[in-house]
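Peer 1: Now for the letters of each chain:
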Amino acid sequence: MERALDPERLRRALGTPTGLPSSEELGQLLAEIEVGLFLRRPQLPEEVLAAGWYLHGVASADAASELYPLDRRRAAWQVSAHVFDLALESEHETLHERLRYGFAAQVGYLKGGLPPNAMSIHRRLEPLITPPDIRQSIDVAGLVLGATFLRLDWQKLRATLEHVESQFDELIRRGGLDDLSDTPYGPLTGVAQGCNLLMRYLISGDRQALTAADEALRRAVDADVGGEQYLDVRWVAAHLRTLAADFSAASVWEVLPPTVSRAVKRTFTVGQPGVSMLWPPQIELVSAQDGVSALEPSVQRIVLSVPTSSGKTLISQLFTLCHLSSGEGGVCYVVPTRSLAREVRRDLSSRLRLYSRSVAPEQSEWADLTQSAGSEHVEVLTPERLAHLIRTDVDGLLHRFGLFIFDEAHSVGEGDRGFTVETCIALLHWLTRDTKHRIMLMSAALGNKGEIRSWVDPEHLGRSATSDWRGPRRLHAIYNTHIDWNQPPLRESVRSKSWPSRDVHEVRGRVRLRPTRTGKVVDLATTKPIGNFVVRVDAQGQRETDPVTGHLVKHSSSTPNYKMLPGLVQLVGEAGPVLIIRSTRKQTQELAKALANDLGVNSATVGLAELSAGRLGPDHPLTGVLRCGVAYHHAGLPTDVLDAIEDAVRDGRLRYVVATTSLTDGVNLPVRTVIIIEPTGGEWAQPLTPAQVINAVGRAGRACLESEGWAILVRQAAPNPQDFARLSPSAADLEVRSALVDEEALSALAEFEDLQRISHDAVFITAGNRVSDFISFVWLVLSAGEELQSVGRSVELSAALPSTLAWQQLDDDTKERWRRLASAVATVYEAADPVRRKRWGRIATSVGSARQLDSVTDELAAAARQSTNDLSDPWHCLTLLDEQDVIAKLLALPEARGLRNPFSARGGASRREIAIDHIGLLRRWMSGAEINEMADEFLADVAAPDFRYEQLGDYLTERFENHLAWLVSALIDWTNERLESQGLVERTLCPDLGGFIRYGTSDSLGLALLQQGVRSRRLANAVAVNARGRGETTFEEMQTGLRSLGPARWAELFQTSLTDLRDLLEVARDREVLLLGRLLEGETVKIPVTMFDSSFSGTVSINRHDQEALFGSLRLTAAGQDMGEVPTRHQAELSAMLEIGLPYLATIEQPPSGGELAIALSDS
Amino acid sequence: VPEDLLRKLLGPQSRTGSGYKWELCLVPGADAKTLSKVASLLAERIVEHLCPEYVADGWRDVRIGRRAATAQERQRLIVFLEPQLGNPDEVQDEHDERAQGAVSEFLWYELLRHRPESGRKIARIEGPGFAVTDPGGDGLVVYESDSGSLTFRLWEIKKHTAKGDVSVTVGGAHRQLNTRALSYLARYTAVSQQLTEETELRQFYATLVDKWQEEDDAVGAGVAVATSWAMKHGDCFTGLPNRFPHLNQGDRLEGLLNAIGDYAGFVEMVKAEVWRGL
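If you read the sequences in order, they're chains A and B. Under our numbering, the residues of the first sequence are numbered 1 to 1164, in order. Under our numbering, the residues of the second sequence are numbered 10001 to 10278, in order.
What the hints contain is simulated information worked out from the structure, not anything from laboratory work. Be a bit skeptical, because a hint or two may be false.
What the hints assert, rightly or not - Anything over 12 angstroms on all C-beta distances counts as not near chain B; from chain A, calculated: (1) Arg266; (2) Glu328; (3) Ser349; (4) Gly576; (5) Leu599; (6) Pro687; (7) Ser730; (8) Leu746; (9) Ala750; (10) Arg906; (11) Asp936; (12) Glu937; (13) Leu979; (14) Gly1041; (15) Ser1044; (16) Ala1119.
What the hints assert, rightly or not - Which chain B residues face chain A? A few, computed with CB under 10 angstroms, are given here: (17) Glu10073; (18) Leu10077; (19) Phe10080; (20) Gln10084; (21) Gly10086; (22) Pro10128; (23) Leu10140; (24) Thr10179; (25) Ser10183; (26) Tyr10184; (27) Ala10186; (28) Val10191; (29) Leu10195; (30) Arg10202; (31) Tyr10205; (32) Gln10213.
Ideal Cβ positions, reconstructed from N, Cα and C, are used throughout, including at glycine.
Using the sequences provided together with the hints, build the complete structure.
Peer 2: Right, dumping it as structure tokens:
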């Protein structure tokens, strides 16, 4: 697993040289260094460093291929990189020496096929490096240039090059020289030119630049000038020269098929993050096989199984863009959670913008296709929304999208939701078997890849790729608490007749580290006790034992487990951010508090604490722990607060996050160390599934940020050699099984079969289990069959069933039982009303619930006919629903059974339920009330503020945002259909009510803002109120109004946070101009600007008005003076251009009507 | 001016120790005439080595008083020489370590490349390129024997201006050479693979680290120290064979001690010679 410490690799790399450690000894020494680093005690024996240089020499020996075969050299690169990576920690070394180690590590990683680690090395060097003074040391300047180049971050390289080149210019000027090529600076100028030209090649694909780079670097190596020694500069030049060929071979220019346009390729090289070279699994996947790349539209089924930190996100972006460029329809990108959807949408959006394409804003799960604006090219959605689209408009869906990407495809095997994903894939696969549509499944946890492939690609005509490649090394550790029972306890007297004394045993922490999978485990114990284990002792001196097991009973005065962890967490936290996974929300909060107590106030997280205080109140526990640089994170907290926590971890402000698996499953948030605390039982404690372990452990080690990460399992049990296996689930553990094949499904099937014998209505009665899901699926197939007949497609049940994964995995007998059930459903379907049965197929409830909803629709339509109110108004509409008791009926449907119990004054065993006014709460929610206000208003009986909020948060998410919003929307849809068919258009109900319930607003402008990606409900409502105040009634009018206000006024009017500002700039962005895409196409784009000095014309630079603010007005500056301002509508795109660091030429031209900015990209 | 004039002026004395050989160049502080000649000649060599011909020619014209230097010429020379000798227009460090190290390397370079060799000739010598941030300088000489076989000598080049015994510096050099050899050779391997198209030479370079580690016959090591005449030591290289026991046969260990006047003062003389007339 850990490549460099793989004994076989070490043996192959090292050979048997005299005077160096043997491969076994080196492996042991490296493991000891890793342990030293874990304990923050870096040490590097000289012989390890010597071995590193020896291996670097062997690996560099191009001309000795017989003596050092390719595989030995590759192993030598990898092991030497690992050695130098560790050597970087030697703080007593000079900067010059550490730069050598760093550069040697970068080269080793790149040549050894681990490019992200090379980038991470520069990140670690960065704090040590000051801008190089070339007159002080040519070698150091060369090393800095080389190391910065290998970071492949062009903004940083440009800054370093500018610094060095300005010194070249000064020397040239002083010496009256043409250039510095024949001075001692010659090799350095060669390296600088080489870096510049290589960068140009990688960005633009200009092969002449590649050739010129080679020539410049060759001159530097030859150093045919005075200072011919300057070994380090020449060493850098020599490696860059050979790496140039590797970069070229791995660049998008070479790897992507020639059919992919330059514009698409350039989107990757200039976007954020810039993609200069693809990583090995990416290359393997997209490289042509039999002359065809998987990116080509002709490859219609792709199954991809790669671990996290292996560049999966980029792979999906490659497929998305290449597909869009093929003109074969849009891309439908399916992710398991809304939070992940938001993240994917954000990343994709910034990439697509460079190609003048866009991602549809977030849609309600039940929104129809016409509601997602037709011009958008990609929609990122949850399985529930996809299922809705399949049910309601499968033809439109297939017409609109040509590629369906299923991210985290292992979710097929995850219970009830898994069946939704399975049926979506099955139906799409089956419906597109003879069309050009493409389906791609991606996952890091597919144990049965072969079976999954056979499911969607039975003839193996598509492409399947599997890789265990990962950038950062991952090291494993197990933490247990340990009591030395041989040590006599401290006996304390207490006031108790029955238990007059207590034995106090010291508890120590025990860490077992395994820096290598096959190597020995290092066992460490804390030097001081970390807690106490207390046992009561009776008057006879007998210690309390469990009558059943005979084990000692741990008294409640013992140190709780979570209080024994902060020491470990802080130790690993010194190396980088730590994510701690606990199984319940309460546990996340407990541990966060314990950590915060030890840490004290942290200035870096003041802003976050303020945000939390504003959203949840100053007394909320999250606000308190955030002040100390600690967060907890679970689905019961507001989305914008969770987003802010995630951002703070990414940008390094926040070092400690305690989370439930909602974070590791839902968000791509890598950290240095992941600590999984194994549950010991208790409220809702569930062990992590193998896929959840893979997801959690996979977050350890941030690709491109660091070269290794630690995964630590905390177990409340005696150490066991098998513990390490818990962190590495096997393929068998990760097998994806259909929801129809497990015990739960089979027992539900048996129950149904029993029910069928006694009830003719079994199909309608069954609800809330796998059988009802299956019935619903069958019903969908039958109703879709009817619908599709009208457009010339056919759907037959007998053919649709075998397209499920279940049919691959069930034995023949069980298949036959499910088939019989399907036939029974078909019989019921045939007997049902032809109009109603199709409608029931359009909603993803049980068929019974659909039938109930249909009858509620009848009542509602009748009531609407009678009503005298304007029902298009959301409040009147809500009143009507209340009068008809609709909300209560919807909350009584079997679909609501899985929801958490409503409110309780206290948690845990002493739960005492309290009643609240649901409709009143819904009205406050829709009126835009803040969550803490509602919590105070409706849940005053709940003493603990966090519990008050948590319950309300869950309630809002589960009942309003999901359950009610969805069902109300469907109900209104059906009711309006009915009213319209009766010619009663004026009586139709407010069509946006479902959206209002989901987003917590009653204003269509606020709703539009939230659907356009504004994350804060507070902000959306405030902006909507402001817009209404100005008389704006449409989204376009509000957009124009926002543009005319500008960011400075937004801050005043709406108290915008950074996130708010970013969101509003996106709303205000002019989507028609397609500025960035056109610039990248080489066009000069002209935009009107506001000039402060109307007489000015000439070249300007674009700068932020406030350099401190990441977002804010962009000013046009000439000679240090602000000459004008970029209009708000273009600020998002021009900000992105500045962020990317694209070199540009901007000129103010003076047409008669006012200032105009002409902007074009200049040569990189 | 004969190429090997400097070597002749310094007149190195060949000595043999147990398992090594060494050369000693002595210029007493009182021998102002020789010191001046050596400084002058070394200045010439340094300028020739570091500057292209047209710059060196102009420098010579100015130096012999043929004409005055233009401000531009002066600045140009500074550009070429500053990395080794510093900038005369900037405040001079009393203890100019950079120039002292650079002069030490140039002495080694001049003496080595003009040393009469029997049965072999220099195939490549990596010349001076003193890195001020490094704790010493390294040098590499590749020899080709008359029979065509290749050998190399890796040198550690030091200056000693401290008060203590020179053997302390030499001991440090031994140690450094031992610990840094692989670092130098590994980096040089990468560079050397692109220096020549000649297969045999490339293959030789490709195996430098293995040859060093395997104590191959082709391997040798040397330590060169420049110091003051008063610091001269009878034989400061006795520690070499202990540090490199496997190389103590067949002249594979070498020393070079340059004890020249007051070394720090001598370096200042060299600098004065370089900047004379400018």
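Peer 1: Work down the list of hints and note, for each, if the structure agrees.
Peer 2: Quick rundown of the hints versus the structure:
{"no.": "1", "hint": "Arg266", "verdict": "holds (31 angstroms)"}
{"no.": "2", "hint": "Glu328", "verdict": "holds (46 angstroms)"}
{"no.": "3", "hint": "Ser349", "verdict": "holds (43 angstroms)"}
{"no.": "4", "hint": "Gly576", "verdict": "holds (29 angstroms)"}
{"no.": "5", "hint": "Leu599", "verdict": "holds (38 angstroms)"}
{"no.": "6", "hint": "Pro687", "verdict": "holds (49 angstroms)"}
{"no.": "7", "hint": "Ser730", "verdict": "holds (40 angstroms)"}
{"no.": "8", "hint": "Leu746", "verdict": "holds (64 angstroms)"}
{"no.": "9", "hint": "Ala750", "verdict": "holds (70 angstroms)"}
{"no.": "10", "hint": "Arg906", "verdict": "holds (66 angstroms)"}
{"no.": "11", "hint": "Asp936", "verdict": "holds (64 angstroms)"}
{"no.": "12", "hint": "Glu937", "verdict": "holds (67 angstroms)"}
{"no.": "13", "hint": "Leu979", "verdict": "holds (79 angstroms)"}
{"no.": "14", "hint": "Gly1041", "verdict": "holds (60 angstroms)"}
{"no.": "15", "hint": "Ser1044", "verdict": "holds (56 angstroms)"}
{"no.": "16", "hint": "Ala1119", "verdict": "holds (29 angstroms)"}
{"no.": "17", "hint": "Glu10073", "verdict": "holds (8 angstroms)"}
{"no.": "18", "hint": "Leu10077", "verdict": "holds (8 angstroms)"}
{"no.": "19", "hint": "Phe10080", "verdict": "holds (5 angstroms)"}
{"no.": "20", "hint": "Gln10084", "verdict": "holds (7 angstroms)"}
{"no.": "21", "hint": "Gly10086", "verdict": "holds (9 angstroms)"}
{"no.": "22", "hint": "Pro10128", "verdict": "holds (6 angstroms)"}
{"no.": "23", "hint": "Leu10140", "verdict": "holds (9 angstroms)"}
{"no.": "24", "hint": "Thr10179", "verdict": "holds (6 angstroms)"}
{"no.": "25", "hint": "Ser10183", "verdict": "holds (5 angstroms)"}
{"no.": "26", "hint": "Tyr10184", "verdict": "holds (7 angstroms)"}
{"no.": "27", "hint": "Ala10186", "verdict": "holds (3 angstroms)"}
{"no.": "28", "hint": "Val10191", "verdict": "holds (5 angstroms)"}
{"no.": "29", "hint": "Leu10195", "verdict": "holds (7 angstroms)"}
{"no.": "30", "hint": "Arg10202", "verdict": "holds (4 angstroms)"}
{"no.": "31", "hint": "Tyr10205", "verdict": "holds (7 angstroms)"}
{"no.": "32", "hint": "Gln10213", "verdict": "holds (4 angstroms)"}
Figure legend: structure checked against the earlier numbered hints; every hint is met.
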